[in-house]
Amino acid sequence: MLNLDLFAWWAVTISGGIAFLILVSIYLYTKSRVIRRESHKSAAGTRLGKDFIFVWVLIGLLVFYIVSVNIGSSMVFAAGNIIVEAMLIAYLIMNRREKSAETVRPRSQ
Amino acid sequence: MSEQEVRERLKTHGYNELPTQTLTWLQVLARQFKNPIFIILIACAIVAGLYSEPKQSIIILSMIALSVILGFYNEFKAEKIVVDLRRNVSIKAVVTRDGKPSEIDAKLLVPGDLVSVYVGDIVPADLRTVECKNLQTNEAVLTGESFPIEKTSDGLNLQQPIPHQLMNYQFMGTVIVNGSGKGVVVSTGKNTEFGAISKSLARAHPETEFQKGVRQYGNMLLTLTVALAVGIFGLNAIIGRSPIDSLLFALAVAIGLVPELMPAIVTISLSQGAQRMAKAHVVVKRLVSIEDFGNMDVLCTDKTGTLTEGRIILNDCQSIRGKEDPRVLTYSMLCNAAVVGEKISGNPMDVAIWQHAIEKGAREDARNYTKVDELPFDYQRRMMSVVVRNNGEFTLITKGAPESILSKCTYVETGSEEPIDTTLHLSINDKFLNLSHLGYRVIAVAYKNVDEKTSYSAEDETDLTLLGFLTFTDPPKKDATSAVANLNEMGVNTKILTGDNELVARKICDDLNLPVKRVIGGSELTQMSSTEIKAAVEESTIFARITPEQKLDIIKALKANGHVVGFMGDGVNDAPALYEADVGISVDTAVDVSKDAADIVLLDKDLLVLANGITEGRKIFGNTTKYILMGTSSNFGNMFSAAAASIFLPFLPMLPMQILFMNLLYDVANMTLPTDNVDEEYTKWPKRWDIGFVRKYTLFFGPFSSLYDFLTFGIMLFIFGTFAAANLSPTSPEFLKFASLFQSGWFVESFWTEVLVMFVIRTRRIPFLSSRPGKWLTVLTLSCIAFGTILPFTILGDFLGFTALPAEYWVLLILMVATYLLLVDAGKVFFYKICKF
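If you read the protein sequences in the order shown, they are chains A and B.
With my numbering, the residue at position 14 of the first sequence is 14, and numbering never jumps.
All you need for my numbering is the position in the second sequence, starting with 1, plus 1000.
In short, the hints are calculated from the structure, not lab data.
One or more hints might be untrue.
With a Cα cut of at most 27 Å, we get these calculated DSSO-like pairs of lysine-lysine [said to hold, decoys possible]:
no., chain 1, residue 1, chain 2, residue 2
1, B, K1477, B, K1034
2, B, K1408, B, K1133
3, B, K1696, A, K31
4, B, K1517, B, K1360
5, B, K1559, B, K1534
6, B, K1360, B, K1371
7, A, K31, B, K1828
8, A, K50, B, K1836
9, B, K1477, B, K1517
10, B, K1684, B, K1559
11, B, K1833, A, K31
12, B, K1107, B, K1092
13, B, K1478, B, K1517
14, B, K1828, A, K50
15, B, K1559, B, K1517
16, B, K1478, B, K1495
17, B, K1696, B, K1833
18, B, K1453, B, K1408
19, B, K1133, B, K1343
20, A, K31, B, K1212
21, A, K50, A, K31
22, B, K1431, B, K1279
23, B, K1477, B, K1684
24, A, K50, B, K1833
25, B, K1343, A, K31
26, B, K1279, B, K1477
27, A, K50, B, K1696
Computed from a predicted structure; not experimentally measured.
With the hints as constraints, model all of the structure from the sequences given.
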């Protein structure tokens, strides 16, 4: 049986943590767009699907973690983690292919 | 002067020596405490000692002691190397006292002494020349001018003269390169020109960019720590925990935030880098300068002795038509004041002529001539002559300043003897001027056949036939061109700051393939406001005819413009700039005062070691940054979770002692971080310490750690059932058992994530696959992980309040940590796309 008060506290805290991380990601993303625009570099429109894939992953994780902990099953938790890991590996492979090598920052004269 | 008078003057003026800067062990030790991190830790140790078990205070003090001892040992060792490096040469001087000449230690000279100087002597004090014969000095150490300066005993009518203009003075530290003379000592020790420059170094070393960055970082941590500690203490007290327990927990969290071993990690990184650089014959005097060495984006350098060999060579000997003429060389060997034996000594230009002749195998060409008479050089005529005999014919050969020689010539040899009319005179004069503009020092050679006489005079130096000219230069060091090219490729702009004239400086830039954007002279710089100087330093490559003070102004302006500035020099005139620059680089052949002021001393002439040093500095900066970024973000995340959890949990999420122990174990795992590999792209360009970036990094990566801490809390509470403690009495054994299980579970997860994330964060590439961590880092980190894993099953674990964890937990932990590391790697890709560093 769950202690609902404690669970509510926990769910609020972990949701707060993820919300904070999402807000920081959006803040940093927006700031980098402003800097790019100020330095006259071409700025493509925001692509909610692609640019914010990281944020979608976080929201998905939050839902999965709250649900699996609520169920209290270690099996569900383990299986869910494996699925998330597979998705993250796929994301990283796709992303690294796009950016095959680290680029060197252009020298500022 | 009588001995009595000498003693009295010695009392008044002191010894004729300059104070050198050496740090005592106490100063090196005191320097270790100039760090805000220690202030936080010492405050925590005091509070813990007063209000808690002394055990906690002892642990904190041990952490401080470990860091201080490591830092002190490495830094003091580096200081000692420099002291050993300093050659303690005692200079002698020939002085006439009570009418008798004698050789004494130069430090015993007093104003009023009459000193005799000869070729090869180092001038022992500032002297007013009273007698001289063909006296020439090399004042490069004082002014940067590499060609000899002619001296006179005549009075000069100058208002506010600068050292360049005082032809009747000889300055301490300069070298007699020709002739001899006598001078009266006018000032000694710190009152000399040499001393005035070294006196300007008797102030605190300016803070380097790296030190500024560490200070900013310390202040940021201080603010965070105080805010979090006060917040935790307040909230825990409000929810009803005992004030002492709340205070201790708040203190433990505060300590958890502080990267205690950061000073030690930085010092170990720096000293290991210094040891590697010492193998390449680069002595690092001030360890902290290594990081700035790597981050330097502008290198200002003196010319003579640093980029150039600091010696004059004969570049060419040509006829007026511009073709190489062996007779020009032969005649200049004959008309020459150098003493040629096993070693060639004398005026550098005469020496250069002989060295050139020997290299060309032309030494024998002068054998058929017999010297009959010699008219020595003097600065009124600006020429010297010899009369030689060859096959019964007598020839007067004259060599000297082109304009003086040309005025004595009526013919020029262009295959045959051609009279010099006004047009030809102007054309020859233009040729000399062009060569001067190309940065060469030019000497003309002329001759005429003369009748046999018992003696010859300056009146014979007329109606000469101009034969040709010699060009001299101070050549660039062999590897200087590649060194400058390497620096450019590494993102370091080179600028030349010299006391020499613009033409000579331009010549060296041409030789080094260094494009010249703009040249600024010392007089032009004097007219500029500080704002104009700031703009000018950005676009200028050469600063010519500048004084030591102006070198200092240029360095300050570049620093104010946000550059990390290095300065390389070897003369006394370079010392203030060496001291002011973020990185002062000197060479082993430099004067002591210059080596004293420098942070880094190159023992070899090889300038290519500069690039190695810069790469080393960048690697060290990279590894230090890794520690800071990892430590701040994961520590911040963990401590934030601890603070949040302490509010809703019925027990403390981790005991203060457990937090301290985890921190210590984490620091041990980090001890080999200085040996970690650094990705190649990281060392390609200079980096800047950017506290804004550290803040963003902490804000972004800190929550990842917190997120997984919260997840662990959920697992421990709701999968492993420790939530049941909420309904138990805090003193019951079951409550304590649940609390211990929870704390053990979080300790292991927290430690695993904190340590293993190092492998993800240490590189921007794919961890392990495209960037391998250092061998020792991997071994030590995995050993610490193993230790942290078995800890709950040991007696020590029991002592620290841990309990054995169920097997099921380990399966979930492995899966959870794997997800965490993949998520951080994905976050890293996202973060570096939008945040540059």
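Now for the hints, and whether the structure bears them out:
Proximity of B/K1477 to B/K1034 is assessed by CA-CA distance (about 41 Å); at most 27 Å being required, the pair is judged violated. Of the supplied pair hints, the one linking B/K1408 and B/K1133 holds, its CA atoms being roughly 23 Å apart against a limit of 27 Å. Straight-line distance between C-alpha atoms of B/K1696 and A/K31 comes to about 11 Å, which keeps the hinted pair within the 27 Å bound. Distance check on the hinted pair: B/K1517 and B/K1360 sit about 38 Å apart at the alpha-carbon level, beyond 27 Å; violated.
Between B/K1559 and B/K1534, the direct Cα distance comes to roughly 9 Å. Compliance with the 27 Å bound is thereby established for this hinted pair. Taking the CA atoms of B/K1360 and B/K1371, the gap is about 22 Å. The hint holds against a cut of 27 Å. Proximity of A/K31 to B/K1828 is assessed by CA-CA distance (about 17 Å); at most 27 Å being required, the pair is judged to hold. About 20 Å separates the Cα atoms of A/K50 and B/K1836, which keeps this hinted pair within 27 Å; it holds.
Distance restraint check for B/K1477 and B/K1517: the Cα-Cα separation of roughly 23 Å lies within the 27 Å cut-off, and the hinted pair is therefore satisfied. For the suggested pair B/K1684 and B/K1559, the alpha carbons sit about 22 Å apart, so the restraint of at most 27 Å is met. This hinted pair checks out: B/K1833 and A/K31 have alpha carbons roughly 12 Å apart, not beyond 27 Å. The suggested pairing of B/K1107 with B/K1092 holds, with an alpha-carbon distance near 8 Å, which does not exceed 27 Å.
Between B/K1478 and B/K1517 the alpha-carbon distance is near 24 Å, which keeps this suggested pair within the 27 Å criterion. Straight-line distance between C-alpha atoms of B/K1828 and A/K50 comes to about 16 Å, which keeps the hinted pair within the 27 Å bound. For the suggested pair B/K1559 and B/K1517, the alpha carbons sit about 20 Å apart, so the restraint of at most 27 Å is met. Our distance criterion of 27 Å between C-alpha atoms is met by B/K1478 and B/K1495, whose separation comes to about 19 Å.
About 13 Å separates the Cα atoms of B/K1696 and B/K1833, which keeps this hinted pair within 27 Å; it holds. About 21 Å separates the Cα atoms of B/K1453 and B/K1408, which keeps this hinted pair within 27 Å; it holds. For the suggested pair B/K1133 and B/K1343, the alpha carbons sit about 22 Å apart, so the restraint of at most 27 Å is met. The suggested pairing of A/K31 with B/K1212 holds, with an alpha-carbon distance near 26 Å, which does not exceed 27 Å.
A hinted pair counts as satisfied when its Cα atoms are at most 27 Å apart, and A/K50 with A/K31 qualifies at roughly 18 Å. Under the criterion of a C-alpha separation no larger than 27 Å, the hint pairing B/K1431 with B/K1279 is inconsistent with the structure, at around 49 Å. About 25 Å separates the Cα atoms of B/K1477 and B/K1684, which keeps this hinted pair within 27 Å; it holds. Only pairs whose Cα atoms come within 27 Å are accepted, and A/K50 paired with B/K1833 is accepted, the gap being roughly 13 Å.
Annotation: proposed proximity of B/K1343 to A/K31 is violated, straight-line Cα distance about 70 Å (limit 27 Å). Between B/K1279 and B/K1477 the alpha-carbon distance is near 21 Å, which keeps this suggested pair within the 27 Å criterion. Restraint check for A/K50 and B/K1696: satisfied, since their Cα atoms lie roughly 22 Å apart, inside the 27 Å limit.
The structure is inconsistent with the numbered hints 1, 4, 22 and 25, although it conforms to all the rest.
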